Amino acid sequence: MNSPSTQFVSSRRMGVYDPIQQINMWGESLKSNVNLAASIPLIDEAEIKFDSQSEDASHGMLGTNNKYDQEASKPIDKIQRRLAQNREAARKSRLRKKAYVQQLESSRLKLMQLEQELERARQQGMYVGGGLDTNHLGFAGPINSGITTFEMEYGHWVEKQNSQILELRNALNSHIGDLELRILVDDMMNHYSEIFRMKSAAAKADVFYVMSGMWKTTAERFFLWIGGFRPSELLKVLLPLIEPLTEQQRLDVCNLGQSCQQAEDALSQGMEKLQQTLADSIAAGQLMEGSYIPQMATAIEKLEALVSFVNQADHLRKETLQQMSRILTIRQAARCLLALGEYFQRLRALSSLWSNRPREPA
Amino acid sequence: MDKVMRLASEKGVVIFTKSSCCLCYAVKILFQEIGVSPVVHEIDNDPDGREMEKALTRLGCKAPVPAVFIGGKLMGSTNEIMSMHLSGSLTQLLKPYQTSSLS
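Residue numbers (full-length UniProt numbering), protein chains in the order written: chain A, 1 to 362; chain B, 1 to 103.
It should be emphasised that the hints constitute simulated quantities derived from the structure, not laboratory data.
Quantities reported herein were computed from a predicted structural model and do not represent experimental measurements.
Take the hints with a grain of salt, since some may be wrong.
Straight-line distance between alpha carbons at most 25 Å, and here's what the computed SDA-like set of lysine to any residue pairs gives [stated by the list, open to error]:
1. A:Lys273 x B:Ser20
2. A:Lys318 x B:Ala63
3. A:Lys302 x B:Lys95
4. B:Lys95 x A:Gly341
5. B:Lys28 x B:Leu94
6. B:Lys28 x A:Ile242
7. A:Lys204 x B:Gly71
8. A:Lys318 x B:Asp48
9. B:Lys18 x A:Asp280
10. A:Lys273 x B:Lys95
11. B:Lys28 x A:Gln275
12. B:Lys62 x A:Ser200
13. B:Lys18 x A:Cys254
14. A:Lys302 x B:Leu94
15. A:Lys204 x A:Ser106
16. B:Lys18 x A:Glu304
17. B:Lys18 x A:Ser232
18. B:Lys28 x A:Met152
Computed footprint of chain B on chain A, listed as stretches where at least three residues anywhere in the stretch have a Cβ under 8 Å from a Cβ of chain B [stated by the list, open to error]:
19. 84–98
20. 188–195
21. 202–213
22. 271–279
Calculated Cβ distances over 10 Å to all of chain B for the following chain A residues [unchecked claim]:
23. Lys110
24. Leu111
25. Leu172
26. Arg182
27. Leu224
28. Gln295
29. Gln312
30. Ala339
31. Pro361
Here a beta-carbon is modelled for each residue, glycine too, at the ideal position from N, C-alpha and C.
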């Protein structure tokens, strides 16, 4: 007997898109005398699955059908099975491709967003890198020409500094007279005046660049105080290297150090006040407002005050150097400048070593 | 001009500032560290503030604040004060006006 239920293919996800084909398939496995209309169930694509493995075990499967007409339908079954498998594979492949394309699209969008952010950040003057060691990821294209100029000039400045240090070292090792030594000392002092002049121009172009010591190497930046070195600290480092000193000299250097410290403290406290007033002016008005144009105008005024702080800090550095040259004899001053130059050379070398050190594998 | 000179001569150490100026604040701190209590006039809170600002500029104080007067004489702005302090001459000048003893 051929009951309609045995012809019902109840297995899931055959992956058949073509109902007509399915009907044909069933038609093939049926012999005549079967009422097709009665026996073909409502086709739900998602519900139909062709399971090639369990012909025998499943209920109402084609296998059961075959009992009715086994001999004739076997090779046709195989073909139909293969076709169904192919259709399934094709469907899965299409789905995979769709997912892949969607992923590509969203990555593309993200890339566009990142590029825009980068452009915006550059325009706001964000610089990554600029130091002379290989440590930095160089975004080598700042839009700020004042900073580009500074970075270029700084490269030259360091080269000249290195050659002056070499010259001074040779001069002190040979026994040149005070007059020639004075020329070398004056040259070096003028060279320091030059960097302060450059920094002043750079501060006008981008005060945050100078504040953050972006042109310096990493180890130098560790000691950063308002865009440069802290003069009182440097005095402490240099003092033992310029012995012997007369009692008067020692007193003078001591007083210089103390005055320097006090001036630094005063500037640091002024900076803290500036930070506080900046924070207050940004937070002014309701924080939840969502619009912040008036606050920004006040904040920008505060930021301009930062330039004068940077200039004051550099002024302090320059004055400290000049005071030292007044307190010391020419030979002492020469040794002092040599020590100062070598100190910074070592800091830069340290930065280089640090960035090139062998790292532990993750 | 008269007001500025009058105020400047009233006490030994007089500083003209603006309340929003943080460099002025730094100079005030420095004087405190030296043990001096200067008289501070905030010109932005003074009704004659504009005139005073012009007067200070005419006297040579380009900033125009902070403007430091010692013994009625204009010493200068932050730059000059810092230089004088490093050279030791500021402490010398302020000796008669020190109110607290230094370590």
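Compare the structure with the hints numbered earlier in the document and write down the numbers of the violated ones, lowest to highest.
Hint check: 3, 4, 6, 7, 8, 10, 13, 14, 15, 17, 18, 19, 20, 21 and 29 fail, others pass.
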